[in-house]
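Given the coordinates of chain W, assemble chain D onto it according to the supplied hints.
Protein sequence lines correspond, in order, to chains W and D.
Going by the numbering used here, the first sequence opens with residue 25, and the numbers climb by one from there.
Going by the numbering used here, the second sequence opens with residue 2, and the numbers climb by one from there.
Think of the hints as simulated: they come from the structure by calculation, not from any bench.
Cβ coordinates follow ideal geometry from the N, Cα and C atoms, glycine included.
Among these hints, one or two may not hold up.
[As the list claims (entries may be wrong)] Computed cross-link-like contacts, PhoX-like style, restricted to lysine-lysine with a CA-CA straight-line distance of at most 25 Å: (1) D:Lys57 to D:Lys70; (2) W:Lys68 to D:Lys114; (3) D:Lys70 to W:Lys68.
[What the hints assert, rightly or not] Now the in silico label distances, taken between C-beta atoms and shown as ranges: (4) D:Trp56 to W:Glu103: 20 to 26 Å; (5) D:Thr66 to W:Arg124: 47 to 53 Å; (6) W:Glu35 to D:Thr130: 48 to 54 Å; (7) D:Glu97 to W:Glu35: 29 to 35 Å.
Below, each chain spelled out in residue letters.
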Amino acid sequence: MKIEEISEKIEGKVVCGEHRLGEEITCGFSSDLMSDVLTTGSEKLILITGLSNVQLIRTAEMSDISYIVMARGKKVSDEMLNLARENDMVLIETSYSMFRTSGVLFSAGIQPLF
Amino acid sequence: MEFEFEVQGGDFSNAGQASSRIKKILKQLNVDPKTIKRTVVALYEGEVNIVAHAWKGKIKVDIETEKIKARLSDEGPGIANIDQAMRDGYSTASEEVREMGFGAGMGLSNMKKNSDEMEIHSEVSQGTTVMIVNYL
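With the rest of the complex left out, here is chain D:
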């Protein structure tokens, strides 16, 4: 099963809608609650990253019998140094984003902790793509 969602940069009122939809779908499919939690936390962090940093993005989720694959791709500023961005506490989030309780520099590492496999590709001034896989 494949699902695709559009995400708008800066649209914090709707940030999380894609993750929320996926959560409901995984519940309906009777996926193990721990796997649901890990998957939606990773997705949500990624979705918030797109809203906080990019101009726009897409989230594609593919639910197969043995795994959940998600691809979060955005058009945005990209990440110059991925190792640095992966480090806990490093953030380039704006003051506005921090006031909302985000931008603690935990997003990417939370995504990694909550996924079985994760890959990031990024090009400065072009955008970022994060792929995650969680096994069922």
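Chain W extracted, bound-state conformation:
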């Protein structure tokens, strides 16, 4: 599924990486644990998280994750935005909870990583 469709389905707002909206995602992973995120990694993976801090972006960088959804109305700070831009990532903010975001995307055919 294209990033653009994902963002629409969760009523998201793309705050970084608008030029990558046409890229395809096949699987998803939801977590608030950075060490858990570090055990994942796939170029086609979207990370759904309730966290919003600069370490989230660093952790994604280390895990080769380029697409992140920040659930439950979490806002992206300028520091996060700068680091995300440097790493050419896509950041999406949504007011949906992690559970709802995961559910919507799962129902739409996004595969679980594990």
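Just chain D now, with coordinates in the frame of chain W:
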């Protein structure tokens, strides 16, 4: 090739900078992506450990033709029981660190899983040194 980085305890804004630099260098050297991933995940967990637990530390990375060696040494509280610290789920991280998504007690075991060789030496109230080796 040798690289050395200083790491400040408590400085979460910059935590990961050393690992990020090493990742870029390994990419430039055309190292196999799987080896890059394993190495930087191990380094990053170690770097976050220094920031989360120690007062200050150093990360030294030596890239040779057949292996990558990293030595992460800190001045800090040390680890009283290394076996316990290696166990998944055991953590002494502060509430502040946990709120950032760390402190799940997976750091050291993630380092071990992502390295070919790992050694830890620690002295309580002095500091900890972790050495990892990944073969290319």
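Going through the hints against the structure:
With a CA separation close to 20 Å, the supplied pair Lys57 (chain D) and Lys70 (chain D) stays within the 25 Å bound. A distance of roughly 23 Å separates the Cα atoms of Lys68 (chain W) and Lys114 (chain D); the hinted pair therefore holds under the 25 Å criterion. Taking the CA atoms of Lys70 (chain D) and Lys68 (chain W), the gap is about 30 Å. The hint is violated against a cut of 25 Å. With their beta carbons about 24 Å apart, Trp56 (chain D) and Glu103 (chain W) fall inside the hinted range of 20 to 26 Å.
For Thr66 (chain D) and Arg124 (chain W), the hinted distance range of 47 to 53 Å is satisfied, since their beta carbons lie about 51 Å from each other. Range check, Glu35 (chain W) to Thr130 (chain D): Cβ separation about 49 Å, and the 48 to 54 Å hint holds. The hint said 29 to 35 Å for the Cβ distance between Glu97 (chain D) and Glu35 (chain W), and at roughly 32 Å that hint holds.
Checked against the numbered hints above, the structure violates only hint 3.
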